[in-house]
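Chains as they are written, first to last, in my numbering: chain V, 1 to 245; chain G, 1 to 313.
None of these hints come from the bench; they were simulated from the model.
Small disclaimer: the values here were computed from a predicted structure and weren't measured.
Each hint can be trusted.
In the BS3-like style, the derived pairs of lysine-lysine whose C-alpha atoms are separated by at most 27 Å in a straight line are: (1) G:K55 to G:K70; (2) V:K159 to V:K80; (3) G:K7 to G:K55; (4) G:K77 to V:K2; (5) G:K110 to V:K12; (6) G:K70 to V:K80; (7) G:K70 to G:K7; (8) G:K55 to G:K77; (9) V:K12 to V:K2; (10) G:K55 to V:K2; (11) G:K55 to V:K159; (12) G:K55 to V:K80; (13) V:K80 to V:K2; (14) V:K12 to V:K80; (15) V:K2 to G:K70; (16) G:K110 to V:K2; (17) G:K7 to G:K77; (18) G:K77 to V:K80; (19) G:K77 to G:K110; (20) G:K77 to V:K12.
Here are some chain G residues the structure puts well away from chain V; computed CB gaps all over 12 Å: (21) K7; (22) K110; (23) Q124; (24) E126; (25) E199.
Just so it is clear, CB atoms sit at the ideal spot from N, CA and C, and this is done for glycine as well.
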Amino acid sequence: MKPLRDYYHLTKMQFLALRGAFVIISVVNVGFIAGFVYGFGFLFGDVSEATALYITVGSATNALIVGGLVMLPQFLAQAKADGRLDYIRSLPVSREAYLLANITVIAGIVMPGIALALVAGWMRYGISFDISPLVLVVIPLAALSCAGFGVAVAILSPKMQLTNAITQLFIFYAIFVSPVMMPEDNLPSALQAISKLLPPGYAADAMRATLTDLPNTHLGQSLIAMVAFTVLSLAAASTVVRRRG
Amino acid sequence: MSVLEVKDVVKRYRNGTLANDGISLSLEPGEVYGLLGPNGAGKTTLVGQLLGLLKPTSGGILVNGVNVVKDPGYARKSIAFLPQTQVSMDDIHVDELIHTVARLRGLSRKAARARTEELIDALQLEEFRHTAMSATSGGARRLASFATAVVAPANLIVLDEPTNDVDPVRRKLLWNMVAEFGRQGSAVLLVTHNLAEAERFIHRLAIIDHGRIVSEGSPASLRTVVTDKLKLELTTLNGLVPHPALAPEPGSENRYLFSQSALPAVSEWLAAQRDAGDVIDFRIGPPSLDDIYQAVVTAGTPSLSEAKSEVVA
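Next up, chain G with everything else stripped away, as it sits in the complex (with noise of 0.2 Å):
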């Protein structure tokens, strides 16, 4: 059984703006998936249907089988969440919040005090243990609000950006947890722009956009949206004439994609502007995920709709 099934939920606010046009998607048990689109498309909003916040125009959503949007306080008790606004709550220490959350959500103080110091040793929040969560920066208040949805176990987890502020040490840590989620069988649905990060993580990915899916399948899947590109990155001290062969990113002034056909041309080319001083560095790889998702969200471009109508076919 699925551990969250939404089957084609529509969501259209009472002023009238469409923010969910069919959304389906699915999660396994152990899975972690990744939500991606950019601000404005959904995201947030399926997020609240999933959690009994609001409530779908139309289309179902099962949370362990169970209908949530008929018994939303299932959901609550089911799903463990980090909302992407920071949580604030004053003057509370970030151990008496944690542990607060835990007992909220229905651990004994026991198991609730040993959990919060498993949690606070885990993401290396001791030195805030006993600082105000106003007075802590926004990389420890995202850990500890991070702390607060993972306190007390659940199968599924639904986490919306939870890197930002965070430094890049205990970033490592939260993405090793949410991996370590996942292998004990929980499933993690992540909203995030964090591509790069998220990557290793991810087994698969939706990407959203004007309230619809337009893209979803595993990272390597997708990468098949413009398998027979490679990527350019190039720095040149002046500026030069690319290749015929190379294509410009869209919104990018120094990446090209090019065919692999083109390889042993562009190489050449690559060697000689080399020669002559004009290219600094250059790399040439598989696209990215963030490639990927550029493409498929940013409109209007050649490259883009031809990435599209691949994804979409």
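Bound conformation, chain V alone (with noise of 0.2 Å):
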């Protein structure tokens, strides 16, 4: 099938375009989520075991709203600066072909930062984890929620530095303001509204539902509120990168 040859050209492209600095970004990555995990136990003195439990797999969510909402959107908006999208534009290929190639790459380099939060939880708290085979849904559903959301927001950004703000915007939101890494209970009413705005939170809230025992999870509504942002930005991205000038 054309589309799926496309994707699996696409993605090979995109890898050997990477490979200099793939290893040095994953690692990079997998640092910055390692140092979460290990460094926000100084924030709080003495840690429970559901504090703990809620930074170690905040972080591990963190590794994919990094990959899905900053890295791919800078991706994707350092491809539309140097000509490279309208290059690929201009071959005969998928254009949503192109967009999950992306997502792909992006998601090679972020998954071993999953795992290395979990671990790092592990050796710093002593914490277990209560693991469902959902969490095989949960984790490739994250991601695309929230590559699907940094797909629009590049290619309905007009200026490349526009992107990289906002992508910024997006770390600290994810960190600070979101129930992420804290429960939504902690944050006030509106900053809870904005949460179920954007796919984040439900990322969160699904990884705590099927990583931990960790009470007020609410996986359902979490799945169904990813698939929505998974299929709306992704049709919104598509329809845009098809669009003509």
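With the hints as a guide, dock the two chains, each given alone in a separate frame, to form the complex.
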């Protein structure tokens, strides 16, 4: 099937294009995520098991958020700025395959961060996890819902500098004012309302539901929201990338 | 049937800029067609519409008889395209890029490998084969991009400034390939400023300015724009007052146009100046495509107005 073949060749092309930086970016990303797990404990002094789980699973979710909402839009903004996106658009290939190829490459970079976050949590806080097989559905869906949102931001943003500024804001949002590293109840109602409109909160909730026995998770609701974010944002990105100026 | 038929294409951007203002042209099989014009004339906009990256405000574009305004996917399948901007692919090696694009353009693994080798050989890219695109020189990167454009057979090839940064030896290889594509029956649309080189391969050309075609024809027929004129290039010792028959070429200090009927008088004057030691060297010949191009797009000079009115007529 042509779109699948396109996806394979484009993914390979993206990996080859990144081969010099791939390991370095992965290592930095893993260090970044493990650093969250290790460092956040100092903010709290005595860390309860529940807090340790929030920090650890929240950091693992942050690996996906950084990939989807920071790295991916920056990659695409760069491709837009240096003419690569137009070059790919001039080839007889599926544009959706190109977007998915980018998502795959970023996933390859950030996935080790998820595993390392859990290992770092176990080593730092001595916590254990309650892992459900559903996590294998949750991780790709969490990645895709953030990635879809990130692609839409990159494609819709008129300038690379604006894309980069917005992505920096996403990191701040995910760490400090969203229910990713902390319980939703800790946030004021306005921030709770905002978190309903963005994918990170749902991704973190689903990760907690499938990796821990923490209470107050809403797996079904989060799965539906992540599917909706994935479908809507990828459909929007696909429409925009197909649009002729 | 024409390979490409552009019918009265108008493109007005959302900000109001009129980039193409009623452009019509057609390319026949085997024809190498030059599209010339100053920066901002509307060439890249036109190419973007051929490829389906932009949608015309009005007008039609047919590739092999298929309306590509309605079916932009057909255009991308049928057109081999080299963009003006350098294709940047970071660490991918030159041979990997050519091979991958061949696969994306539908070649089998075996055919892609064979064609990659053929192009590396033909464009003398062997020494860059395993070099990352980002680490190659501008010229080698341009040639690798050219290779990706022509890696699969296409009956319409669109090349936007193919020889930018390319050294003279490899430039010749590239032009020979372009001429060969024409001989094999492909139509080639060539967007270039490098008229001196392209002139030998172009069958027809259009000069585009302010979104309109201001002149179109074969290089020979366009020369008739200034057909009764000859060009004199003069190297003098201290500068001198030119013969009254010599009209300075716009934008040049040592080139002049003059009427063929004035040739005896000008020759006599040149001989006298040379004997006096004022003229070091001179050349007389027909105007080049460059001269025609400059005459057509340079505004506000007597020779231009003359040239333009003749072309339009």
